[in-house]
Amino acid sequence: MLALENYLVLSAILFSIGTIGVLTRRNAIVIFMCVEMMLNAVNLTLVAFSRYLGNIDGQVFVFFIMTVAAAEAAVGLALMIAFYKNRESIDVEDINVMKL
Amino acid sequence: MESIFFFVVAAVAVICSLLVITCKNPINSALSLVMTFFCLATFYVMLDAPFMAVTQVIVYAGAIMVLIIFVIMLLNVKAETVKPNTHAVLAGSAIGIFSMFLTVWFLLKGSLTGATGSMSPQSIAKTGHIEIIGKALFTDFLLPFEVTSILLLVAIIGAVILAKKRI
Numbered sequence: 001m002l003a004l005e006n007y008l009v010l011s012a013i014l015f016s017i018g019t020i021g022v023l024t025r026r027n028a029i030v031i032f033m034c035v036e037m038m039l040n041a042v043n044l045t046l047v048a049f050s051r052y053l054g055n056i057d058g059q060v061f062v063f064f065i066m067t068v069a070a071a072e073a074a075v076g077l078a079l080m081i082a083f084y085k086n087r088e089s090i091d092v093e094d095i096n097v098m099k100l
Numbered sequence: 101m102e103s104i105f106f107f108v109v110a111a112v113a114v115i116c117s118l119l120v121i122t123c124k125n126p127i128n129s130a131l132s133l134v135m136t137f138f139c140l141a142t143f144y145v146m147l148d149a150p151f152m153a154v155t156q157v158i159v160y161a162g163a164i165m166v167l168i169i170f171v172i173m174l175l176n177v178k179a180e181t182v183k184p185n186t187h188a189v190l191a192g193s194a195i196g197i198f199s200m201f202l203t204v205w206f207l208l209k210g211s212l213t214g215a216t217g218s219m220s221p222q223s224i225a226k227t228g229h230i231e232i233i234g235k236a237l238f239t240d241f242l243l244p245f246e247v248t249s250i251l252l253l254v255a256i257i258g259a260v261i262l263a264k265k266r267i
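Protein chains in written order, with the working numbering: chain S, 1 to 100; chain R, 101 to 267.
FYI, nobody ran anything at the bench for these hints, they're computed from the structure. Please note that a few of the clues may not be correct.
Said to hold, decoys possible - Below, a list of computed lysine-lysine pairs in the DSBU-like style, where the Cα atoms sit at most 30 Å apart: (1) R:K124 / S:K85; (2) R:K209 / R:K124; (3) S:K85 / R:K178; (4) S:K85 / R:K226; (5) R:K235 / S:K85.
Using the sequences provided together with the hints, build the complete structure.
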């Protein structure tokens with residue numbers, strides 16, 4: 001069996017790539033996908049710890065994270081559609097007023 | 101053998117996630133992200149969590165990515181033509197890489213000790229992964245499970261209210 005560090009380092013790399021994407025991209029949908037990637041990196045950490053500690057609780061947490069990600073996808077994409085209707089753009093630089 | 105397989109799949113996962121943040125066209129990013137999700141499902145199988153792998157493929161690679169690609173095509177998002185701000189890209193990458201090295205340093209410095217639970221590959225093979233998860237979900241985590249249903253209800257109502265012009 002592989003050492004736990006392999007999974008944790010891979011998860012850290014994926015999380016950092018997601019962070020870089022969130023900080024550098026300007027397309028709101030791509031930023032959203034990077035957030036999903038960060039959530040998945042955390043899921044990998046939880047499943048790896050759950051396996052190596054012999055405790056199922058980590059995998060139950062992964063379920064709740066998946067639920068939150070699904071809710072976030074529904075609400076976030078609805079927000080983007082509403083924003084696109086107003087501004088004809090999903091560039092985050094254009095999101096600079098609260099009310100139109 | 102297992103480590104060779106791990107490193108090949110890990111390389112594919114990292115390359116695909118790099119493609120997600122470098123592709124100009126959002127559709128290409130989305131498809132690379134699907135590939136990353138499949139690689140993570142492979143890792144769940146390697147970690148003796150087959151049900152998590154199935155859920156990963158169905159929920160993430162299936163439902164959420166279909167929703168994202170649907171929105172990309174609905175809004176007809178074009179590839180980015182504006183040149184990105186170089187200073188912002190440099191600063192963001194520096195922060196990300198710094199945090200990565202910090203995390204890896206802490207990971208390699210620490211060591212894993214402490215309680216080992218009752219779950220083992222033998223017990224998973226004997227009773228089944230779904231049964232173990234179901235028992236935990238419906239006994240220890242019953243209240244969070246019920247609260248999750250309220251969260252999903254709120255998400256449905258919120259999505260309808262946001263996307264509809266007048267209710």
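Hints, verified against the model:
1. Under the criterion of a C-alpha separation no larger than 30 Å, the hint pairing R:K124 with S:K85 is consistent with the structure, at around 23 Å.
2. The suggested pairing of R:K209 with R:K124 is violated, with an alpha-carbon distance near 38 Å, which exceeds 30 Å.
3. With a CA separation close to 16 Å, the supplied pair S:K85 and R:K178 stays within the 30 Å bound.
4. Of the pairs offered as hints, the one joining S:K85 and R:K226 is violated, with about 54 Å between alpha carbons and a cut-off of 30 Å exceeded.
5. With a CA separation close to 46 Å, the supplied pair R:K235 and S:K85 exceeds the 30 Å bound.
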